[in-house]
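Novice: The lines below spell out each chain.
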Amino acid sequence: MNLKNCFTILIILSAISCGQSGPEKIELNKDACYQCKMTISDLSFASQAITQKGRVYKFDDIACLLEYIKGNTVTENQYWIGSFINKGEFIQADSAVFFYTEKLNSPMRGNIAAVNNWNISQIPYDTSEYIRYAWKDLVK
Amino acid sequence: MRSLIVILSVLFLAPLFIKGAQIRVGTGEAYKSIQLAINAAQPYDTIHINKGLYKEGNIQITKPLTIIGKGWPEIDGEKKYEVFTIKANDVIIRGLKVQHSGYATLDDPGGIKVLESQNVVIENNWLFDNFFGVYLQYSKNCIVRGNRIQAYGKQEQEIGNGIHCWKSDSLIIENNFIKGHRDGIYFEFVHYSSIHTNHAVSNIRYGLHFMFSNNDVYTENKFQGNGAGVAVMYSRSVDMYKNIFYENWGDAAYGLLLKEISDGHISGNQFTRNTVGVFMEGTNRMKVEKNKFDYNGWAMKIQASCMENEIKQNNFLANTFDVSTNGTTVLNTFLHNYWDKYSGYDLNKDGIGDVPYRPLTMFGVLVEKVPAAMLLFRSFMVLLLDQSEKIFPTLTPDHFIDPKPSMKYV
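If you read the protein sequences in the order shown, they are chains X and B.
Here the first sequence is numbered in this note's numbering, starting from 83 and rising by one per residue.
Here the second sequence is numbered in this note's numbering, starting from 324 and rising by one per residue.
Extracted from the complex, chain X is given alone in its bound form (with noise of 0.2 Å):
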């Protein structure tokens, strides 16, 4: 293997090993949340926050997240939240639609869900049975 090959490599291995950015897979009934320390057995309503450094924090219910906020003085982080509809996948907090109804007995109560902007159809309640918002009016 010549030189050339070998830094090929090692370009490759260090653009891997960092600049992951995405959220992280949460792993149901294993993971516990970071504020509330309960274990996450719904992902419907789990999400995380991601700080520059790369350091994950999941919740078990966005009520969870909005306190840690609340607590916490960084701003640069990022949220993901996860989406109500497929389970799973986590929807970046500028662009998810949030919906709040009593109905949804959520793990820690918190019963506000999100959505992707262009699911909102498939909230699967009337509109007039929940409240909506945007990320912007609940960490204000």
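These aren't lab readings, by the way, just hints derived from the structure by calculation.
Bear in mind the structure is a predicted one, so any value in this text is a computation, not a measurement.
Think of the CB as a built atom: it goes at the ideal place given N, C-alpha and C, for glycine as much as any other residue.
Mixed in with the good hints, there may be bad ones.
[To be verified] Using 25 Å as the maximum straight-line C-alpha spacing, the simulated DMTMM-like pairs for lysine to aspartate or glutamate come out as follows:
id	chain 1	residue 1	chain 2	residue 2
1	X	K185	B	D492
2	B	K402	X	E158
3	X	K107	B	E481
4	X	K112	B	D492
5	X	K112	B	E481
[To be verified] Here are some of the chain B residues that sit facing chain X, going by a computed Cβ distance under 7 Å:
id	residue
6	E479
7	Q547
8	A551
9	K582
Given the structure of chain X, go ahead and fit chain B onto it with the hints provided.
Specialist: For chain B alone, kept in the frame of chain X given last:
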């Protein structure tokens, strides 16, 4: 005298006449279908179900009835329907095998669901492979007793709880065996209820889980090998006596997880072979007395957010770490505990050690800050540091002591 005889005879004979009718269901009986028998029955009748397999979709009980199975009749939800829905007071269900309820839909299908009812008794049934086992909602004075509740939940899939109680009060949950559900027993907004002598094994999340439930008590239960142990969260005045917390291993697993709770009493329990015996966060004014902690990774983790807890007369044996904390403030008291790692002396022979015991080791503090440091555990350097810390405390909080450790097993 005569009137007395009349009254007495009325009292004794009356039950013979008021007793409800007996209705039988099964092959060769008057009714083939349970639902039809229920529809035809008068309130307070008794329905006997013979052995057999019944696939009737969702069965609704809307009047007070006693339903008794003979030879474990199998009532099957075909993975599509909720099996029993009870919306009536004074219903008794006994001796049925309720199986294969619907799955993972928004309305949380269960084997037996009780809605807005009182005095319902669910006794000696076998609930097998249901999404939720027994589900009580807005109910009062109900008893769930002697049931065997088993499902086959896997870690990566969603499943309901064994006994799920929501916005109810005065419930009694006793002598049940629960395996393979999400939480064995789940209490949310349930008050003045008691949980006795249940056995929760290998449930995916918690053996027992309290949320926002006050004034409850659980005694003599055994929780073994559940995903993360038992969690008591956001509750007040929950008492825990004589339970066994056994083999809850894992990264986020605890024998007992206490979060935002206060004014409870934890006494006579046994915590054996757990990653963390008791984890406390935001926990205030709890009395932790006469418990036994043995073979745990950490016997207790008490976060700095805990205040005015009394940890008295407990036995700490063969734990890797006795106590650990993440802060420097000490707002909890330790007194008269027995610590097997105590190396002090008792010159006046009053059974109490003459020098205080420091349950917090320097390495314990270090590991709390840098979990990866665990790699160095039991190395010579760590031993040396721990010993020197005992003599000149620098990293560990000064007052984190048991001033009067017991010399003998309590």
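Novice: Should the interface hint for Q547/B be scored as holding, given a Cβ-Cβ cut-off of 7 Å against chain X?
Specialist: violated (17 Å)
Novice: Does the alpha-carbon distance linking K112/X and D492/B stay inside the 25 Å limit?
Specialist: violated (31 Å)
Novice: Are the Cα positions of K107/X and E481/B separated by 25 Å at most?
Specialist: holds (16 Å)
Novice: Report holds or violated for the interface hint on A551/B, using the least CB-CB distance to chain X and a cut-off of 7 Å.
Specialist: holds (5 Å)
Novice: Mind checking the CB of K582/B against every CB in chain X and telling me if the closest is under 7 Å?
Specialist: holds (6 Å)
Novice: Given the hinted pair K402/B and E158/X, is their alpha-carbon gap at most 25 Å?
Specialist: Since the Cα atoms of K402/B and E158/X sit roughly 46 Å apart, the hinted pair is violated (cutoff 25 Å).
Novice: The hint names E479/B as touching chain X; please verify it with the least Cβ-Cβ distance against 7 Å.
Specialist: holds (5 Å)
Novice: Taken at face value, is the distance from the CA of D492/B to the CA of K185/X at most 25 Å?
Specialist: Distance of about 21 Å is within 25 Å: holds.
Novice: Holds or violated: K112/X and E481/B, Cα atoms, limit 25 Å.
Specialist: Since the Cα atoms of K112/X and E481/B sit roughly 12 Å apart, the hinted pair holds (cutoff 25 Å).
Hint compliance for this structure: hints 2, 4, 7 are not met, and every other hint is.
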